[in-house]
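Trainee: Sequence:
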Amino acid sequence: MHPSRDDLRHFVDGQLSDSRLRTEIARHLEFCEFCADFCADYRDLTQPLPTEDPSPLSEAEIRLRERLRIAALPGTVIDLLPLTAETSDLSEPYMAADGLPAKKPDITNLATLFSEEPEIVLRVMRDSALGRDYLQVVAADTEMAAHVMVCLPDLGCEFVTDASGRADLDLSGADNIDRLKWQIRMPEAVFSLEPLQYDPERIEYAEEIILETERRDRIEIRFEGRTDGKQLVVRVLEIDGNREFTPVRVLVSQSGRNQLATGKPGRTVEFGPIDASTSIQIRLYS
3 MHPSRDDLRH FVDGQLSDSR LRTEIARHLE FCEFCADFCA DYRDLTQPLP
53 TEDPSPLSEA EIRLRERLRI AALPGTVIDL LPLTAETSDL SEPYMAADGL
103 PAKKPDITNL ATLFSEEPEI VLRVMRDSAL GRDYLQVVAA DTEMAAHVMV
153 CLPDLGCEFV TDASGRADLD LSGADNIDRL KWQIRMPEAV FSLEPLQYDP
203 ERIEYAEEII LETERRDRIE IRFEGRTDGK QLVVRVLEID GNREFTPVRV
253 LVSQSGRNQL ATGKPGRTVE FGPIDASTSI QIRLYS
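Residues in the sequence shown are numbered from 3 upward in steps of one, following our numbering.
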């Protein structure tokens with residue numbers, strides 16, 4: 003069984019307080035090349051850069067640095083800090099008290115939060131014309147803004163951004179939003195399921211597929227067709243090569259539509275309706 007990525011990161015950072023776990027990880031790294039490589043990549047990514055570097059990085063070195071940075075992203079939890087707060091009460095009406103349109107721009111910024119490392123900005127926005135709130139994640143790397151999970155642990159809320167880094171927000175009645183704890187969770191694993199070939203004349207059909215990442219995350223996919231619609235059944239088999247894992251959030255995305263459920267060891271979760279002729283993205287969030 004492999005240590006979790008969080009434990010490996012804490013081991014490298016020297017922040018693992020459990021001495022027994024430190025010893026177990028140290029012994030594990032002696033024979034596990036996969037975990038040793040992960041620690042080496044993470045150490046290279048997080049070590050401070052020299053204050054003076056007379057020679058610029060070559061293109062190959064820049065590509066290597068980018069690869070190491072992205073390799074350390076899966077499963078990362080990023081805490082956000084407040085930058086500004088234009089309005090901290092999401093219960094504020096969209097119209098003025100006298101019933102006339104409020105003299106404000108159609109789109110206003112309710113709050114801005116950020117992370118310095120990695121560089122990410124999250125804006126909480128209000129669209130008065132459409133009468134709804136939304137959040138927008140902005141980052142230099144689109145992988146750090148698209149399909150990430152924005153969490154508010156204090157409220158037990160979570161929102162997943164689309165390909166543009168945007169997600170609808172429903173926090174009616176919440177106040178002091180800039181004082182709430184905001185986090186961004188990167189996907190633990192990403193799987194792609196290409197269009198399946200099936201006979202539309204058959205009333206019932208099924209096809210099982212095992213998908214696996216380079217990091218030894220494995221899921222079992224079962225695509226079922228019935229007279230009442232098509233279903234995608236997902237069972238998470240392993241996380242980081244471990245069959246025992248804490249529950250993860252399973253996101254199925256298809257044609258701009260997201261479905262979210264909780265996956266547990268030995269349990270299946272169903273999603274539907276699903277179009278078998280269109281590719282599907284499956285993401286896990288720890």
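Please note that a few of the clues may not be correct.
Okay, the calculated beta carbon distance ranges per label pair [claimed, not checked]:
hint	residue 1	residue 2	range
1	Glu210	Arg24	19 to 27 Å
2	Arg259	Ser21	26 to 34 Å
3	Thr110	Glu272	45 to 53 Å
4	Arg224	Asp172	29 to 37 Å
5	Glu118	Asp39	40 to 48 Å
6	Glu119	Ser19	44 to 52 Å
7	Glu210	Leu47	31 to 39 Å
8	Glu210	Asp39	41 to 49 Å
Bear in mind the hints are in silico, worked out from the structure with no lab data behind them. In this text, a Cβ means the ideal position worked out from N, Cα and C, and glycines have one as well.
Trainee: Hint by hint, note whether the structure agrees.
Mentor: Quick rundown of the hints versus the structure:
no. : hint                        : verdict
1   : Glu210 / Arg24: 19 to 27 Å  : violated, 40 Å
2   : Arg259 / Ser21: 26 to 34 Å  : violated, 48 Å
3   : Thr110 / Glu272: 45 to 53 Å : violated, 39 Å
4   : Arg224 / Asp172: 29 to 37 Å : holds, 32 Å
5   : Glu118 / Asp39: 40 to 48 Å  : violated, 27 Å
6   : Glu119 / Ser19: 44 to 52 Å  : violated, 23 Å
7   : Glu210 / Leu47: 31 to 39 Å  : holds, 37 Å
8   : Glu210 / Asp39: 41 to 49 Å  : violated, 31 Å
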